[in-house]
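S.K.: Start counting the sequence shown at 61; every next residue gets the next number (my numbering).
In case anyone wonders, no lab produced these hints; they're calculated from the structure. You may find that some hints are simply not true.
[Claimed, not checked] Using C-beta positions, here's what the derived DEER-type ranges look like:
| hint | residue 1 | residue 2 | range |
| --- | --- | --- | --- |
| 1 | Pro260 | Asp463 | 32 to 42 Å |
| 2 | Pro144 | Asp94 | 17 to 27 Å |
| 3 | Glu149 | Gly170 | 20 to 30 Å |
| 4 | Trp145 | Pro77 | 40 to 50 Å |
| 5 | Trp145 | Pro251 | 43 to 53 Å |
| 6 | Asp463 | Thr78 | 32 to 42 Å |
| 7 | Ala226 | Arg122 | 11 to 21 Å |
| 8 | Gly303 | Ile323 | 34 to 44 Å |
| 9 | Phe319 | Asp94 | 32 to 42 Å |
| 10 | Glu159 | Asp94 | 44 to 54 Å |
Idealized CB from N, CA, C, for every residue including glycine.
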Amino acid sequence: MQNHRALTFSEASFVRPTSREVIGTSFELRGVVDGTALRSAFSALLEEYPVLAARIVHVKGRPHFAPGDAAVAAAIGFRDSTAPWTGYEQTPPWFVGSEQLAALSLTGIGERHRLTLWASHAATDGSGIVAIAARLFELYTALASGATPIIRRANDFPAEPHLVMAARGHLPEELDYEERLAGTVWHGAVPTEFPAEPGPDVDDALRVRFGASETAALAAAARAHGVSPHALVSGLIARAELGECAEGAAVALLTPVDFRGRIDPPIPLRSVTALCGFSYVAVGDAPTEEIARTVADRIRADVRDGTVLRTAVSPMPDPRTRRHGPPVLISNLGEVPAPVTPAGLDVLDFHAQIVRSASGIREYAKGHDGDGVPAAPIGSSYLVSTFGDRLSVELRVLPGTLDGAVRRRLLERIEDGAHRLVAIGTAA
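Whenever a hint applies, use it, and build me the whole structure from the sequences.
M.R.: Put into structure tokens, the structure is as follows:
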């Protein structure tokens, strides 16, 4: 077993108290859940992913992954609450991202439950946590059915992403963020005042969820316009965001691109903590389908010319010095497969979780030494997924940068825009 591994700059940012970020996957379950089998499955999962069982220790002032005991981490991290629940607004266990890196929460009464797998963003990313959750269900199904699962134990922590890329010849370099995104704006802002006590870090679970028929109609509309569903949804999001901006404004769209399975040879999920590139483009007021084509063309070009690979290892401009507005992040998990479950247990819904530190934005603002307030590090963040043939668009922002009324208005615009596209397609 690798004894220690220093966290990279990016990984370390997710475990600092002022910038802690915890991600997760939540599932609505209907049926009987065997708590003992679930606890054992979680322990087995941590044996397969040593970084999730790791402890964070500091060596000469720098955080390191240190080996943890999977059984101990599972015992601490498994939370089983007999209580009713509604929605997906949750606070992750306080120790995730500080004393250990993962937890599993089961909440419910009778046959209705919410299961949430939590992980520090230092240990994995959005695509990673979905795959890890799928493996948890596989292990649980075997144990709940009386079988003995094969545990694929790992002995090392994931490698540093930049070293994985360097071994393939991809090194940091300067990119053209400023040139592409010059003049873009975002309508939110860092708060000028903060509450005396920031309170717990809570995931804001706002989303719009479309029915199966609407989802299929949107996919058909995307095909009719020669773009991907992601590009079409990006067009809807851009239109919603521009509706909050001054006339003639442009916004920056930032799309994470998970290339690990597309390059040769592929990069195994368990071999790195988080690794993705980005495609970025500025868009102004235009019809949804036109914005969608702009996004689709840019993503194709950025994949083709290596921009996506270069952005995976090259830093973005510092928010304090860049000359463009913070980008709107549109992350697409794609089709989330239905997990394997034992007889008598159904998975009805999927929801992603992203919890950012409320005290982090306070410390960021406190460190500003110029006039007014600093530029927001990131604009609105959207997480797009399809589960059970239903498209979901979830919205998050850094705490305090947009109020609830604006966030709800953004989602209403996205929903209304989608309905218009579906109506046009139906009429045609």
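S.K.: Identify every previously stated hint that the structure contradicts and give their numbers, smallest first.
M.R.: Hint check: 1, 4, 5, 6 and 10 fail, others pass.
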